[in-house]
Amino acid sequence: MKIKAPAKAGTMESNDIYIMIQPNDEDGIIIELESIVMKQFGKQIKQVILETLESMEIKNIHVVAKDRGALDYTIRARVETAVKRAM
Amino acid sequence: MERLRRTMLFMPGNNPSMLQSAGILGADSIILDLEDAVSITEKDAARVLVRNAIKDVDFYDTEVVARINPLSSGFGLKDAEEIGRVKPDALMVTKATEEDVSTVCEILTKVEIEEGFEAGSIKIFPLIETAYGLENIHSIIKASPRVIGILLGAEDLTADLGIKRTREGEEIFYARSKVAAACRAHKIDAIDTPFADMNDCKGFAKDIHTSKSLGMTGKAAINPRQVDTIHEIFAPSEEEIDYAQRVIRAMEEAQKEGKGVFSLDGKMVDAPIIARAENVMKKAKLAGLIK
Chain A
1 MKIKAPAKAG
11 TMESNDIYIM
21 IQPNDEDGII
31 IELESIVMKQ
41 FGKQIKQVIL
51 ETLESMEIKN
61 IHVVAKDRGA
71 LDYTIRARVE
81 TAVKRAM
Chain B
1 MERLRRTMLF
11 MPGNNPSMLQ
21 SAGILGADSI
31 ILDLEDAVSI
41 TEKDAARVLV
51 RNAIKDVDFY
61 DTEVVARINP
71 LSSGFGLKDA
81 EEIGRVKPDA
91 LMVTKATEED
101 VSTVCEILTK
111 VEIEEGFEAG
121 SIKIFPLIET
131 AYGLENIHSI
141 IKASPRVIGI
151 LLGAEDLTAD
161 LGIKRTREGE
171 EIFYARSKVA
181 AACRAHKIDA
191 IDTPFADMND
201 CKGFAKDIHT
211 SKSLGMTGKA
221 AINPRQVDTI
231 HEIFAPSEEE
241 IDYAQRVIRA
251 MEEAQKEGKG
261 VFSLDGKMVD
271 APIIARAENV
281 MKKAKLAGLI
291 K
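Here the protein sequences line up with chains A and B, keeping their order.
1 is the number of the first residue of the first sequence in full-length UniProt numbering; add one for each residue after it.
1 is the number of the first residue of the second sequence in full-length UniProt numbering; add one for each residue after it.
Derived by calculation from the structure, the hints in this document are not laboratory data.
You may find that some hints are simply not true.
What the hints assert, rightly or not - Once the Cα atoms are required to be at most 20 Å apart in a straight line, the calculated EDC-like pairs of lysine to aspartate or glutamate come out as: (1) A:Lys2 - A:Asp25; (2) A:Lys8 - B:Asp44; (3) A:Lys66 - B:Asp197; (4) A:Lys84 - B:Asp44.
Fair warning: this is a prediction, and the values are worked out from it, not measured in the lab.
Chain B on its own, in the form it takes in the complex (with noise of 0.2 Å):
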């Protein structure tokens, strides 16, 4: 099934509240933190408790994804065996190269046969967080065919560009532009780094507008009240949704009339434009704005 994916929202791995509340919270996905969010001494613990609450707590219609640390903690591996045996929707994989995604898509296959699972029915969210990550996204992406989206970590990919993370996030416009090209190149989401200024609303807003105005498909978000927000501006605007219908509705009657190429409110419209209104309808019904 197709799903929106305008907000992935962090959930502290090792905190039940958190947890069980997360089905509720309207972010159309959720990532059960096993890496940042966990002190090193509870890592065993959270493994634990992540599992369980996949296993038993209902989310509802939310996508589960499950982030795990990095294969070269020791953890990681650990974390994408138990963890996949309660069949998360996806695992992220942190700091991701081409050989931690083949890693954890070889743990998944075989996790998926012992188990009865359909094959390939658990994904794979790279997060691209290195300049390494970053330079050698394409090759990221096709390591697997469970990769289903990017997800770009600003903080850990400036500290090793050993550059300075600022508000206005102009040092990341070719990381961003890059991941969402790449991203579209390959049909998967691009999701956006989070915004960690939470009393910072105006920042937050133009901060989703810059994202959106550069293809990025969605936002993470750090806390709840971000969803909202980030939903907010990743729909489509009514005019947007509006004058989307009226090309449809005009494709219509010149396919009717034979006509290749047509022109509305005085522009031409062809194959791209018609493409774009496609894509704004196709949001906006997944986002039930409209039946």
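With the rest of the complex left out, here is chain A (with noise of 0.2 Å):
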């Protein structure tokens, strides 16, 4: 599945991310992330948004978040959002 234009979900509200994704033609998918537990859980975040992607057959985009505290139900909802409103 391809994106066609760049989207927005979440906000910076605490325990929200705000996700900020847009076409990646053939570079793969690009994640850079910012958080306020990157030391704890960085890893586990970007695997999360890593597998909601690969779950909608996402292959090339870029992706930004900012993240406040997300648990791994919202990171998932924030980044199917932003897709769908991408497609």
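Work from the hints to combine the two standalone chains into their complex.
Right under this line is the structure:
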């Protein structure tokens, strides 16, 4: 599946994550993450973003994520919403 | 399982912090709101977030209800279909009509078959908040066997009636009485409209007493701070429990002696008084006030 336009989802409020995405032809999946819990959970947050993208069959995308302590269900929801908005 | 539904606490559907703490706030039910609490540009985001929350967040014993958007809005049908797939306890149908309730019922039937859920396991909570809804409450309740209760929405109702909503609430006396009587007739719960002024504690308590005295079985809350007060007032008092226990004991003794009607404290006790005593005992047990 290919995204056609830039899109965003989420907020900068506590326990949320702000996701901005844009098409990234041919370059695969690039994730830039900023998080208040980067040291403890950075790898896991990136993994959840990646798994959500893979489950939606997205192969080329540039993701900028600003995390404010979101749990996995929120990360998955915000990534899914951003991708659906970009279709 | 029969459950208490003294409080139904509204939680905004697009707010992760509030969604994930909803199960520990003490309310009997939580209403994850996709309608008024969510701006029109975030309806899609809230639907996905609430769906994931119902799937992954532990709400413990709290009943989980999702309030969907009006079916006429273009969001409501998608809400019902998508949220139905994660099996909430119920969907709340806004500005309900008979047609809306039937449509949501059909969607849930389809979802239950496709997902392998027990037939009829997802319930429906119509929201009565229009003059039409109020005057057609019986047919709205009968529109689906999934209907387990009615929530009265006084803000929209008074707007529809073109009257002023006041703190005292005299203008909704008829609506409250009608909803309470109709729900009692169909043996479902009648949940009263929320009280909006968080700083008026006296007015709030008075409002709960009024709804209890008119036969409402619970009240909606818009802030976790309101939950305890509602539970306190809706719970049977110590006096009520004590009297009910004495009625039941006297009844058991009378039955042993083969008496149909008997007296307690010099007053005749007959079937309605026994029924009320049994009702008080049932409520007290559900609330954990007696074993």
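*When the hints from earlier in the document are held up against this structure, which numbers fail?*
3
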